[in-house]
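Undergrad: For reference, the chains in residue letters:
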Amino acid sequence: MENQSQPEVANQLDNFFNLSFDTDARQQLRQIALWSKIVSLSAFAGYIVSLVVAIFGHKNYSLEAEGFSFGGYIRSGNSLVSVLITAVFGGIINYFLYRFAVAVDEGIQSSDALKVNMGFDSLRIYFKILGIVLVVAFCIAILAILIAFIMGLSAASRG
Amino acid sequence: MEEKTPESLLDMHLDYDGGNRLRETVRWSRFLSISGMICLGLCALVLVIAGPKIIAICDESYPGLENFIVPILILFLLLMSVLGVSVFMLYRFSIMTRNGIERQDQAMFNRGLKGLKVYFLISGVLAILGLLFNILTLTSLF
Chain A
1 MENQSQPEVA NQLDNFFNLS FDTDARQQLR QIALWSKIVS LSAFAGYIVS LVVAIFGHKN
61 YSLEAEGFSF GGYIRSGNSL VSVLITAVFG GIINYFLYRF AVAVDEGIQS SDALKVNMGF
121 DSLRIYFKIL GIVLVVAFCI AILAILIAFI MGLSAASRG
Chain B
1 MEEKTPESLL DMHLDYDGGN RLRETVRWSR FLSISGMICL GLCALVLVIA GPKIIAICDE
61 SYPGLENFIV PILILFLLLM SVLGVSVFML YRFSIMTRNG IERQDQAMFN RGLKGLKVYF
121 LISGVLAILG LLFNILTLTS LF
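Protein chains in written order, with my numbering: chain A, 1 to 159; chain B, 1 to 142.
Only chain B is shown next, with the shape it has when bound in the complex:
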């Protein structure tokens, strides 16, 4: 068990400077998460309203695409849901951390950090996949 000396109690506390920085971080992350949710909603709306027309135009440009429409649609929906979870986690981080700081609630503050962790985890997996896709493009070049 960790011994709580006065030094260790003061060691890793959130000071006012850090708290204020974190507050502003949370403000911007909330803006980003809400904007992300709106963008995802708009994408879903476009897909529902103009989906058949987009498929028809793509089919005209690339004949034989109709065989791949279902996998492309599933991949798109999967990506949308993953992005949705990621954006929701960012929103959770912003709300929980702000409430944690305002109410001085350690458990809520930690839950907020967990939201940020999941957000970066999803971003990391997507970034690695994006990098692999980029490298694939590079290898097809030579």
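Excised from the complex, chain A in its bound form:
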């Protein structure tokens, strides 16, 4: 009976790295969860504020004539769309960061390694999306530089 249970335990232990979330690691993870939660919540609040600013517009023209002064609030369609896109994408990205923070916090509090590992999965998705966004941004920037360069060359050849 003892001989039968030994390989089972060995198999179980084979599934683990020789790494644990010890006291120091738990302390670090608790801090990581706290600050990542702050980052994600600040980002969510920031997107809401940006949306309010974009929807209610800003005073971008003011006319004064014969003692009359009036200003106008223009709702710029372009800025609203760009803020909306940023808020949606940023919201999705920061949702994963928030999920990471919550899972790690719960995992540490309940000493549940599975939850901590699930948290790391959310962090992986967060970094992955950020990486993909960065690659797309790099491509757009390079394209913009190339187009500006070609336009500059054609303008110079015409002039």
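Watch out, some of these pointers could steer you wrong.
Said to hold, decoys possible - Pairwise CB distance ranges, derived in the manner of DEER restraints: (1) A:Ala156 with B:Glu102: 51 to 59 Å; (2) A:Ile55 with B:Gly64: 30 to 38 Å; (3) B:Cys58 with A:Ala45: 25 to 33 Å; (4) B:Gly130 with A:Phe149: 28 to 36 Å; (5) A:Ile150 with B:Glu24: 37 to 45 Å; (6) B:Ser140 with A:Asn18: 54 to 62 Å; (7) A:Ala137 with B:Cys58: 22 to 30 Å; (8) B:Gly64 with A:Phe138: 33 to 41 Å; (9) B:Glu24 with A:Leu153: 41 to 49 Å; (10) B:Phe133 with A:Leu153: 37 to 45 Å; (11) A:Leu114 with B:Ser61: 54 to 62 Å; (12) A:Ala45 with B:Lys53: 34 to 42 Å; (13) B:Ala56 with A:Arg30: 45 to 53 Å; (14) A:Arg158 with B:Arg27: 41 to 49 Å.
These are calculated hints, taken from the structure and not from any lab test. Backbone N, C-alpha and C fix where the C-beta goes; we use that ideal spot for every residue, glycine too.
Based on the hints, put chain B in the right spot on chain A.
TA: Just chain B now, kept in the frame of chain A:
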């Protein structure tokens, strides 16, 4: 002192699933940190090469800006250095954690987590400052 029962030993261990997820996390964070370093380097290069020209153009558009150039420059350099430290910490996290997992080195793994903590701490402070700036914009609206 914490008593080490077999249950507690198995309780909070990094399993292979978690380890593999962490490995991929580390791969992406390394990519992000190296890209961040390149971006910061390019920004510094642009500032050094085209700095006087940018200042001249800004001065033309906003007369009287020359009085604020030194504080703006100091603020910009401060932000660049803070971002530099943040990106370096992310790089440290990726290197230390990967090495910690590969060598099964607990101390190195913990140092990697410390790097991630500092990265999120800096990000958190910057996020709060950004939020305050956004709220300031909101209050000036009404």
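Undergrad: Now tell me if each hint is right for this structure.
TA: A quick look at each hint next to the structure:
The supplied range of 51 to 59 Å is met by Ala156 of chain A and Glu102 of chain B, whose beta-carbon atoms lie about 54 Å from each other. Here the CB-CB span from Ile55 of chain A to Gly64 of chain B is close to 33 Å, well matched to the stated 30 to 38 Å. Checked against the hint of 25 to 33 Å, the C-beta distance between Cys58 of chain B and Ala45 of chain A comes to roughly 31 Å, which is consistent with it. Gly130 of chain B and Phe149 of chain A have their C-beta atoms about 33 Å apart, which keeps the hinted 28 to 36 Å range intact.
The beta-carbon spacing between Ile150 of chain A and Glu24 of chain B, approximately 39 Å, falls within the hinted interval of 37 to 45 Å. Distance hint for Ser140 of chain B and Asn18 of chain A: a CB-CB separation of about 56 Å, consistent with the stated range 54 to 62 Å. About 25 Å separates the C-beta atoms of Ala137 of chain A and Cys58 of chain B, a value consistent with the hinted range of 22 to 30 Å. The beta-carbon spacing between Gly64 of chain B and Phe138 of chain A, approximately 36 Å, falls within the hinted interval of 33 to 41 Å.
With their beta carbons about 43 Å apart, Glu24 of chain B and Leu153 of chain A fall inside the hinted range of 41 to 49 Å. Range check, Phe133 of chain B to Leu153 of chain A: Cβ separation about 39 Å, and the 37 to 45 Å hint holds. The hinted window of 54 to 62 Å between Leu114 of chain A and Ser61 of chain B holds, with their beta carbons roughly 57 Å apart. The hint said 34 to 42 Å for the Cβ distance between Ala45 of chain A and Lys53 of chain B, and at roughly 38 Å that hint holds.
Checked against the hint of 45 to 53 Å, the C-beta distance between Ala56 of chain B and Arg30 of chain A comes to roughly 50 Å, which is consistent with it. Restraint check, Arg158 of chain A to Arg27 of chain B: a C-beta distance of roughly 48 Å satisfies the suggested window 41 to 49 Å.
The structure fails none of the hints (numbered hints given earlier).
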